[in-house]
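**Student:** Sequence:
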Amino acid sequence: MEISSVEDWPFKATRPFIISGPCSAETESQVHYTARKLKKTGKVNLFRAGIWKPRTRPNSFEGVGEIGLQWLVEAGKAQGLPTTTEVANAQHVELALKAGVDVLWVGARTTVNPFSVQEIADAVKGVDIPVIIKNPINPDLQLWIGAIERFALNGINKLMAMHRGFSSSLPSPYRNLPMWEIPIALKAEIPSIPILCDPSHICGNRHMLSGVAQKAMDLGMHGLMLESHPTPDEAWSDAKQQVTPEDFDTLLEQLQLRSTETSDPIIANKLHTLREEIDLIDQGILRLVAQRFGIIEQIGEYKKENDLTILQLDRWKEILQSRSELAKTLNIPDAFVSKYLEFMHKESIKAQSAIMNKGKEDELLW
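Using this note's numbering, the letters of the sequence shown correspond one by one to residues 11 to 376.
No lab work stands behind these hints, which were simulated from the structure alone. As the structure is a prediction and not an experimental result, all values here were calculated from the model.
Taking lysine to aspartate or glutamate pairs in the EDC-like style, the calculated list, with each CA pair at most 16 angstroms apart, reads:
{"no.": "1", "residue 1": "Lys50", "residue 2": "Asp257"}
{"no.": "2", "residue 1": "Lys225", "residue 2": "Glu191"}
{"no.": "3", "residue 1": "Lys53", "residue 2": "Glu256"}
{"no.": "4", "residue 1": "Lys368", "residue 2": "Asp317"}
{"no.": "5", "residue 1": "Lys63", "residue 2": "Glu76"}
{"no.": "6", "residue 1": "Lys49", "residue 2": "Glu256"}
{"no.": "7", "residue 1": "Lys49", "residue 2": "Asp259"}
{"no.": "8", "residue 1": "Lys168", "residue 2": "Glu17"}
{"no.": "9", "residue 1": "Lys168", "residue 2": "Asp138"}
{"no.": "10", "residue 1": "Lys53", "residue 2": "Asp257"}
{"no.": "11", "residue 1": "Lys197", "residue 2": "Asp228"}
{"no.": "12", "residue 1": "Lys360", "residue 2": "Glu307"}
{"no.": "13", "residue 1": "Lys22", "residue 2": "Asp112"}
{"no.": "14", "residue 1": "Lys197", "residue 2": "Glu159"}
{"no.": "15", "residue 1": "Lys327", "residue 2": "Glu352"}
{"no.": "16", "residue 1": "Lys349", "residue 2": "Glu335"}
{"no.": "17", "residue 1": "Lys168", "residue 2": "Asp18"}
{"no.": "18", "residue 1": "Lys47", "residue 2": "Glu84"}
{"no.": "19", "residue 1": "Lys87", "residue 2": "Glu38"}
{"no.": "20", "residue 1": "Lys87", "residue 2": "Asp112"}
{"no.": "21", "residue 1": "Lys368", "residue 2": "Glu315"}
{"no.": "22", "residue 1": "Lys50", "residue 2": "Asp259"}
{"no.": "23", "residue 1": "Lys135", "residue 2": "Glu104"}
{"no.": "24", "residue 1": "Lys368", "residue 2": "Glu311"}
{"no.": "25", "residue 1": "Lys63", "residue 2": "Asp248"}
{"no.": "26", "residue 1": "Lys356", "residue 2": "Glu307"}
{"no.": "27", "residue 1": "Lys53", "residue 2": "Glu263"}
{"no.": "28", "residue 1": "Lys168", "residue 2": "Glu12"}
{"no.": "29", "residue 1": "Lys197", "residue 2": "Asp150"}
Let's have the full structure, built from the sequences with the hints guiding it.
**Tutor:** In structure tokens, the structure reads:
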């Protein structure tokens, strides 16, 4: 997949790349005022405003529509800031391009639908414009990759991904669970794509923004999208997650930016040595896991010969208790141990079940 370097973008897109502006364009004066205040911070690379707002339920504010494009572009030009907005269909693309928007982004509610993504990708085919693609609402890495590929296959190679978290019904302090492992996996699959983070939508509130923004930078993400509004509490959409331009400036001032790589040979050599130690430990762990599975197979054969059930509940309870107690003495987090034990137990049951039901593998569903 060919993705051009950010150095080839028509404006500065080097790290840290910062996008900010109101969640929604509400009035012409609000858009111009926000752009002017954000420009004064000297920290914004791209000015944003939502024009069409996909809402969960009807009768909510769904954006001012086409007139907002004029406000956005004029405000950007007045402050010398490139502009971006979300597009959800071909008509949005046509209107945004006609108005002179510099960058388009595809929202999470759109990325989840391949038909909609393809429609937008077809609408920008042959147009030299950068496109940012947010992750789908649900934690589906392949769906995210597929959306990126649809644009790349249509010749759009100025691409970025945007991590905005994932919807969940589980209780959480976040509006959308970060699930950092998914954008990390995306980077592993497509190393050339810059990944931005949207703390505003991950948090859903302004008091957690700083921590999530710092985590994103510590993970080597390329930049941030942070929503800013002159009077956040009076915003017509997503009021709790927006900050004033002044608070936006303070947040970025306090952000610690670390290098993604080092040219210092002493530091590089030390890291190499430590990583070699990890490599040796991992090799040892995998050999022990293989040895463990060998014993599990022996247990499966023994249970089969003696007509014993696969699940031995008392034994499972004893494993949970003893391993958890040992983990505490070793300062290993409870959550990690719990996940490890559950995964190993599931794999043990699968292995023993295969032995018990040899010849009936097609009937086993896991």
